[in-house]
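Chemist: Chains as they are written, first to last, in the working numbering: chain A, 1 to 339; chain G, 1 to 339; chain X, 1 to 333; chain C, 1 to 333.
A hint or two may mislead.
To be verified - Derived DSS-like pairs: lysine-lysine, alpha-carbon spacing no greater than 25 angstroms straight-line:
{"#": "1", "chain 1": "G", "residue 1": "K8", "chain 2": "G", "residue 2": "K52"}
{"#": "2", "chain 1": "C", "residue 1": "K4", "chain 2": "G", "residue 2": "K52"}
{"#": "3", "chain 1": "C", "residue 1": "K4", "chain 2": "C", "residue 2": "K171"}
{"#": "4", "chain 1": "X", "residue 1": "K311", "chain 2": "A", "residue 2": "K52"}
{"#": "5", "chain 1": "A", "residue 1": "K240", "chain 2": "A", "residue 2": "K266"}
{"#": "6", "chain 1": "G", "residue 1": "K240", "chain 2": "G", "residue 2": "K265"}
What the hints assert, rightly or not - What the simulated footprint calls covered on chain C by chain G, stretch by stretch (three residues with Cβ under 8 angstroms from a Cβ of chain G suffice, anywhere in the stretch; the number is not a length):
{"#": "7", "segment": "17-27"}
{"#": "8", "segment": "90-102"}
What the hints assert, rightly or not - Only some residues are given here: those of chain C computed to face chain A with a beta carbon under 7 angstroms:
{"#": "9", "residue": "P33"}
{"#": "10", "residue": "F35"}
{"#": "11", "residue": "I37"}
{"#": "12", "residue": "P41"}
{"#": "13", "residue": "E45"}
{"#": "14", "residue": "I61"}
{"#": "15", "residue": "N65"}
{"#": "16", "residue": "L86"}
{"#": "17", "residue": "N87"}
{"#": "18", "residue": "G106"}
{"#": "19", "residue": "G234"}
{"#": "20", "residue": "E266"}
{"#": "21", "residue": "P315"}
Since the hints were made in silico from the structure, they are not lab data.
Heads up, the beta-carbon is just placed ideally off N, CA and C, and yes, glycines get one too.
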Amino acid sequence: MATETSRKLTMARAISEAIDLEMAADSRVFVMGEDVGPYGGIFGSTTGLFTKYGPNRVIDTPISESAFIGAAAGAAAEGLRPIVELMFVDFFGVAMDQIYNHLAKNHYMSGGSVSHPLVLMTAMGAGYNDAAQHSQTLYGLFAHVPGLKVVVPSNAYDAKGLMIQSIRDPNPVMYFFHKGLLGLGWMPSDDRAVVTVPEESYTIPLGRANIVRDGTDVTIVTIGAMVHRAVEAAEIAAVKGISVEVVDLRTLVPLDTGTILSSLKKTHRLVIVDEDYLSFGMSGEIAAIAAEQALEYLEAPVRRVAVPNVPIPYSRPLEQAVIPSTPRILDAVTYVTEF
Amino acid sequence: MATETSRKLTMARAISEAIDLEMAADSRVFVMGEDVGPYGGIFGSTTGLFTKYGPNRVIDTPISESAFIGAAAGAAAEGLRPIVELMFVDFFGVAMDQIYNHLAKNHYMSGGSVSHPLVLMTAMGAGYNDAAQHSQTLYGLFAHVPGLKVVVPSNAYDAKGLMIQSIRDPNPVMYFFHKGLLGLGWMPSDDRAVVTVPEESYTIPLGRANIVRDGTDVTIVTIGAMVHRAVEAAEIAAVKGISVEVVDLRTLVPLDTGTILSSLKKTHRLVIVDEDYLSFGMSGEIAAIAAEQALEYLEAPVRRVAVPNVPIPYSRPLEQAVIPSTPRILDAVTYVTEF
Amino acid sequence: MDSKQAVFMYEQMLLIRRYEDQMAQIYTEGKSPLFSIAAGPVPGEMHLAAGQEPVAVGIGIHLRNDDAVTAPHRPHHIAIAKGVDLNRMTAEIFGRVDGLSHGKGGHMHLFDPQVHFSCSGIVGAGFPPALGAALAMKRQGSDRVAVAFAGEGAANQGTFHESLNLASLWKLPVVFIIEDNHYAISVPKSESTAVSRNSERAAAYNIPGVYIRDNDVVAIYEAGKEAIDRARRGDGPSLIEIETTRLYGHFQGDAEAYLAQGEKDEWRHHDPIPRFRDLLLANGWLDSATDQDIQTRVNARVDEAVGFARKSPEPMPEDALTDVFAETGKEAI
Amino acid sequence: MDSKQAVFMYEQMLLIRRYEDQMAQIYTEGKSPLFSIAAGPVPGEMHLAAGQEPVAVGIGIHLRNDDAVTAPHRPHHIAIAKGVDLNRMTAEIFGRVDGLSHGKGGHMHLFDPQVHFSCSGIVGAGFPPALGAALAMKRQGSDRVAVAFAGEGAANQGTFHESLNLASLWKLPVVFIIEDNHYAISVPKSESTAVSRNSERAAAYNIPGVYIRDNDVVAIYEAGKEAIDRARRGDGPSLIEIETTRLYGHFQGDAEAYLAQGEKDEWRHHDPIPRFRDLLLANGWLDSATDQDIQTRVNARVDEAVGFARKSPEPMPEDALTDVFAETGKEAI
Ligand SMILES: Cc1ncc(C[n+]2csc(CCOP(=O)(O)OP(=O)(O)O)c2C)c(N)n1
Ligand SMILES: Cc1ncc(C[n+]2csc(CCOP(=O)(O)OP(=O)(O)O)c2C)c(N)n1
Ligand SMILES: [Mg+2]
Ligand SMILES: [Mg+2]
């Protein structure tokens, strides 16, 4: 039993295991995308699936994202349960019309008569010098347009449970995995994302944030890889006597406003950590919720730590300067505490 | 002199006049897009230009937005000054990769050695029952990704001055015109957008908000067609003894944070009115700025009036329910005043 | 084509024509004296397909209820030929609660899952979902097929290329129909398309390509049968381009100043409906009494649909907040 | 092709090969014992083009400094053949301040406006800007031309279709070069492309299409000359697809488990450089002493570039905030 409960997985393995379980359980589920077949997905999200399920259920595509993502939507409307991979979220612009004018809106435009139960999984995130077209997070943009659920796991346990839930959801779900959390071996990966993962199937409801660390002085609201930076900052802050609560949103749509607010009512101080661009995105939305619904509790100005409205640069010192870091988070925590 | 200064123009005429003046002044300027030629632009942005400048400078295109917008970027890099029309901003998804991965980022990715002086003009806005794929504003999305200036005029005077400035700007500028402000005749149009416009060329700097109405009790920050709804609400509020200041941002990038903050320091109350989707967009950004930089001045929770995270519905009562209206704005103003 | 089919097609063409003519009329209600797109019982853009009936009917005759169709912004003729519920479709165009989408979709967003019909206001957007429907059908082991309709202007959108390639590669049961009505809004085909016939592009995807001249419903019927049978057999996709005519403007309110003098008169004189009627009469498949009956029936059918729509209430404002997500809808805000 | 051109091309091929081999080596620095894409002096993805020299050189020889080129994610060979500043390009790949973009761009984002070169990491994205450059050239009345290079995988992206149509329609001075190296990452052409040769797709745009087998630099030279001359004369675009080979993996670190047994050996045995050398020797255009000189020169050139890069300092963190907008850059935050 000790061994059973202590099986640790990387996030990549957790994702492919989740897909495997659902493919085994439901013959309508299939995977489509570039290099998802024999290669197993550039980021390992489909490792082993081609061997197990063959080319009819694990389908390599041409580099025609509009066609194959739109086709996935069409197949979903006809009763299949596609999981389709957009290799990097940065490429969304070649297929965005199919995604946001159709996949996201058809349920509404049809008055509820058409559904697209579909998972659009995609890699995001910086930290390995792949520059401006391969390093973004962009989840805020997808959360802005109505009709897509937006899932951003920060560790293997959540990755598996959220993936299974996403596959079963009757709606289109954008599922983002951060390249730097996957445990790929050939890329730096956060050990904190490697956690115990049960072998069996389980789900995590969409729209429920996770308080990954309790605290009383400051709330950090964050998501994805930044959860671990936030926890690091919280650990350092603890040494200085500052008690930081870290809220991992896990999904942006639905957004767990309740958890954010109850944390704020306890701590009275808010720092938002976001690997997306600073302006007009997630960090603004969370701050706005605070300004609308918890203003009387706020004892210090809100602080946002995000990418400072520049494309992601290539060179290491430049990239490291723009991606939110533990010291920058700590500065923000200190600022709101000392205010 | 009285006649000269009182020439009033519709916004559509102001835009085409601005383009005309720049085309006359600079042979590098040309226009490209669907139906911009003999038709004069579906929304009249190029009326008269084909007759005056001919098919070499006013170029009809196939329905190939990726190709012609990308081509405009390429032409700009080689020394031309394209004005390219995306007929409705709602169509951005078919060309977004060219827009945001290239047009927006090349200057940065090239370390400043490549420039794209280009205006991408596009129609936005609801109010005439064109439903979910033809009624959005979406400026928040373009303001989120770094590298594009974002211009949203609310009246003919601003439309002309901002267009000329945009054409002369060395950067890519997204220029949004609201269909319901253009004075097209075949579509409801706000008379408040028809204002006196000088015949000569003039510019309005990007990044400078306009206080369209002074007030002391509440600040409304808004843009585009909503400026007029906000002014209406302010007029009604004035009758009730509430003094509302209305800030027309005019551009989202650059954002005139200074004007927002000084108004807030005077009024201590903030309402944001935005025709874009509520969450993860402009309204969140403005609220966040308040929560970061003017928290101690806020005497009431921030209120946002925006499209409540649903696609724009077709039917009149449904559409009217989701587009911010004068009564909804007034409610918000009352709320923050009485808080 | 036997006489029964021919008469059925004729009746459908009349139904479509009557529908579009009625819609053109109704669309003006409440919009005068000055034309305002936003006024009256039917607001928003209105793209009518009078003149393009042969395309919808000549293809639609070969389709079953369980076959899928995607249509573009100009969808009525295709919807009618596919058997979309005319009452609910009309109510949708009127923006009423009994509409297919309870008023949320409107004229460019008609969805009738009963007959696997959908459309979109984005040019070229219907190709990929048709692929997807065909993929589902193939995987499900059925002999169903999908058909994507689009204008000649749409054939220059990237989705056309990506979709035809993928359809051929995966040998999907899908047929691509291009309605060449000579214009994309004001832009003539010659100024948008580097080849005179899109059917020539079929070779770029290793699939059959056919061009049909002259809005000829009989030829459309034949080519449609071949392509759809082929898809049903599992032999893969085809591309058919059909020369047709747009008897109204691009949308209602279009002044069509870009047309050459007399261009439209030519189209009107070459109206496919009287031509087909003459053929049926000549073949002895139709007599004028039957023709009269059909006209009466068709008019009544359209009147019924319009009556149904007019009677249906408008949706309640709060309904705008539902249907963003399946299930509870409570995530909508 | 005269002997001078041939020897020049040979030297360029060697320069490219040497560059890519050196880059492959340097790329491993700091990455062992466990391969980490993020470590060492050259981090990030690295797509090398050894084996594809004939394409770059056979086309590049016909281009002037003022002609424009757009290249894909695998750009080094094309950049070198276009005359991009090798020192600054290398410094860019090292992410240093003396790089073409001062370290902001990196290997997939090389821009050298001096020779009108740019590239992009997005597959198929280089077609439209090449059109635009050609449009500018045509409008400016010059005889300059633009060339867009892309892989065979990119030919299934929508931009390919849209751009070829537009280029033909507007008779732009642009040439489209497809490098058919058999794979798009792990996906073989036969599983991505419904025709065996993309050159067959030229007919869909009413432009000439040529396929060149066997990575043959002489044939590439000839076809390139014809297409570029044609564009320069104002006779419009052409499409050339070239069979070539990718001697490294898709990117460095690619285990290439998807290749068939021996597949790569075949490519290696058919290396275009020794083949071209043999031809030159056979023609008497090269002797082994000259060959030796060239090798020495080429090695020195690469060493110089790498030395230049290594000497250049890293950018300062605060430099990340500049260059979002032209002029002041103060809007950056
Ligand atoms: C991607 C996109 N670009 C532009 C438009 C605007 N638009 C709507 S219909 C149309 C013309 C379509 O022409 P065609 O495909 O020939 O169809 P037709 O209207 O002739 O039936 C255009 C440009 C759009 N809806 N979507
Ligand atoms: C739009 C887009 N989709 C996917 C990718 C990921 N990707 C990078 S290179 C590549 C393969 C490209 O193949 P090909 O065009 O044949 O060029 P090659 O790598 O063989 O030189 C893929 C799929 C991308 N960069 N852009
Ligand atoms: Mg047409
Ligand atoms: Mg390739």
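Chemist: Does each hint hold? Answer for all of them.
Modeler: Checked hints:
1. Distance check on the hinted pair: G/K8 and G/K52 sit about 22 angstroms apart at the alpha-carbon level, within 25 angstroms; holds.
2. With a CA separation close to 52 angstroms, the supplied pair C/K4 and G/K52 exceeds the 25 angstroms bound.
3. Restraint check for C/K4 and C/K171: the C-alpha separation of about 33 angstroms exceeds 25 angstroms, so the hint is violated.
4. A C-alpha spacing of about 56 angstroms is found between X/K311 and A/K52, which places the hinted pair above 25 angstroms, so the restraint is violated.
5. Pair hint A/K240 plus A/K266 holds up; C-alpha atoms about 19 angstroms apart against a cutoff of 25 angstroms.
6. Of the pairs offered as hints, the one joining G/K240 and G/K265 holds, with about 22 angstroms between alpha carbons and a cut-off of 25 angstroms not exceeded.
7. With 0 residues carrying a beta carbon less than 8 angstroms from a beta carbon of chain G, the segment 17-27 of chain C misses the three-residue requirement, and the given coverage is violated.
8. With a cut-off of 8 angstroms between beta carbons, the segment 90-102 of chain C has 4 residues touching chain G; three or more are needed, and the interface restraint holds.
9. The beta carbon of C/P33 is not positioned within 7 angstroms of any beta carbon in chain A (closest approach about 12 angstroms), and the interface hint is therefore violated.
10. Using the Cβ-Cβ criterion of 7 angstroms, the hint placing C/F35 at the interface with chain A is satisfied: the shortest such distance is roughly 5 angstroms.
11. Given hint, C/I37 at the interface with chain A, holds; its Cβ is 5 angstroms from that chain's nearest Cβ, closer than 7 angstroms.
12. Annotation: interface hint on C/P41 violated; nearest CB of chain A at approximately 9 angstroms, more than 7 angstroms.
13. Contact between C/E45 and chain A, as hinted, is supported at the beta carbon level, the nearest pair being about 6 angstroms apart and thus within 7 angstroms.
14. Contact between C/I61 and chain A, as hinted, is not supported at the beta carbon level, the nearest pair being about 29 angstroms apart and thus beyond 7 angstroms.
15. The criterion of a C-beta within 7 angstroms of any C-beta in chain A is not met by C/N65, whose closest approach is roughly 26 angstroms, and the hint is violated.
16. A least Cβ separation of about 18 angstroms between C/L86 and chain A goes past the 7 angstroms threshold, and the interface hint is therefore violated.
17. Contact between C/N87 and chain A, as hinted, is not supported at the beta carbon level, the nearest pair being about 16 angstroms apart and thus beyond 7 angstroms.
18. With a cut of 7 angstroms, the hint placing C/G106 at the interface with chain A holds, because the nearest CB-to-CB distance is about 3 angstroms.
19. With its C-beta approaching chain A no nearer than about 32 angstroms, C/G234 sits outside the 7 angstroms limit, and its interface hint is violated.
20. Against a cut-off of 7 angstroms between C-beta atoms, the interface hint on C/E266 is violated, since the closest Cβ of chain A lies about 20 angstroms away.
21. The criterion of a C-beta within 7 angstroms of any C-beta in chain A is met by C/P315, whose closest approach is roughly 5 angstroms, and the hint holds.
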